[in-house]
Amino acid sequence: MSRLLPDAAFLDADASFAQQNYAAARQRYAALRSKKALRGHPRMTEAALRLGECHERAGDVEAALALYHAERLRQVGTTWYDRFKAQEERIAANHSAARSFYTTARVLKAAETLINSGRAGDALPLLDLLQ
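With my numbering as the guide, the letters of the sequence shown map in order to residues 1 to 131.
Hints were generated in silico from the structure; no laboratory data involved.
The reader is advised that the hints may include incorrect statements.
[Stated by the list, open to error] Simulated pairs of lysine-lysine, DSS-like, Cα-Cα distance not exceeding 27 Å:
| hint | residue 1 | residue 2 |
| --- | --- | --- |
| 1 | K36 | K85 |
| 2 | K36 | K109 |
| 3 | K35 | K85 |
| 4 | K109 | K85 |
[As the list claims (entries may be wrong)] What follows is a set of in silico ranges between Cβ atoms, one per label pair, in the way DEER data are often shown:
| hint | residue 1 | residue 2 | range |
| --- | --- | --- | --- |
| 5 | A97 | G121 | 24 to 34 Å |
| 6 | A8 | R106 | 28 to 38 Å |
| 7 | I115 | R90 | 17 to 27 Å |
| 8 | N21 | Q131 | 35 to 45 Å |
| 9 | A8 | S96 | 24 to 34 Å |
| 10 | L127 | S96 | 16 to 26 Å |
| 11 | A97 | L11 | 27 to 37 Å |
| 12 | D60 | A86 | 25 to 35 Å |
The model shown is predicted, which means the values in this text are computed figures rather than measured ones.
Backbone N, C-alpha and C define an ideal beta-carbon position, used for all residues, glycine too.
Modelling step: build the complete structure from the supplied sequences, incorporating the hints.
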């Protein structure tokens, strides 16, 4: 595969996003994320953030929340962590339907990941959801 093909694919998804064609962008970003060969691509994390935005604009708040939550935990220790955390917390605070996303098992697993990564303070608000 040419080194330029993945970059072109990201640019194609970005173009759909910039044109506010969120349905097309959503499909393109999801397709990029499904390709194993692109997992380490430097644009993949940004694509995940934009995919979450596409989910939100399509009204699929639970998909956006799930993506932001998973990426937040995956990005612990990187500069992207706070961006995914902010997006997750914004949805959780503004959408009552988001409460059902936070199952006991999901919260405990996330808390364990955060505590083991030196972010115990970030685990506390999640643990409060169990009360």
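Against the structure, the hints come out as follows:
no.	hint	verdict
1	K36 / K85	holds, 25 Å
2	K36 / K109	holds, 25 Å
3	K35 / K85	holds, 25 Å
4	K109 / K85	holds, 16 Å
5	A97 / G121: 24 to 34 Å	holds, 27 Å
6	A8 / R106: 28 to 38 Å	holds, 36 Å
7	I115 / R90: 17 to 27 Å	holds, 23 Å
8	N21 / Q131: 35 to 45 Å	holds, 42 Å
9	A8 / S96: 24 to 34 Å	violated, 41 Å
10	L127 / S96: 16 to 26 Å	holds, 20 Å
11	A97 / L11: 27 to 37 Å	holds, 34 Å
12	D60 / A86: 25 to 35 Å	violated, 19 Å
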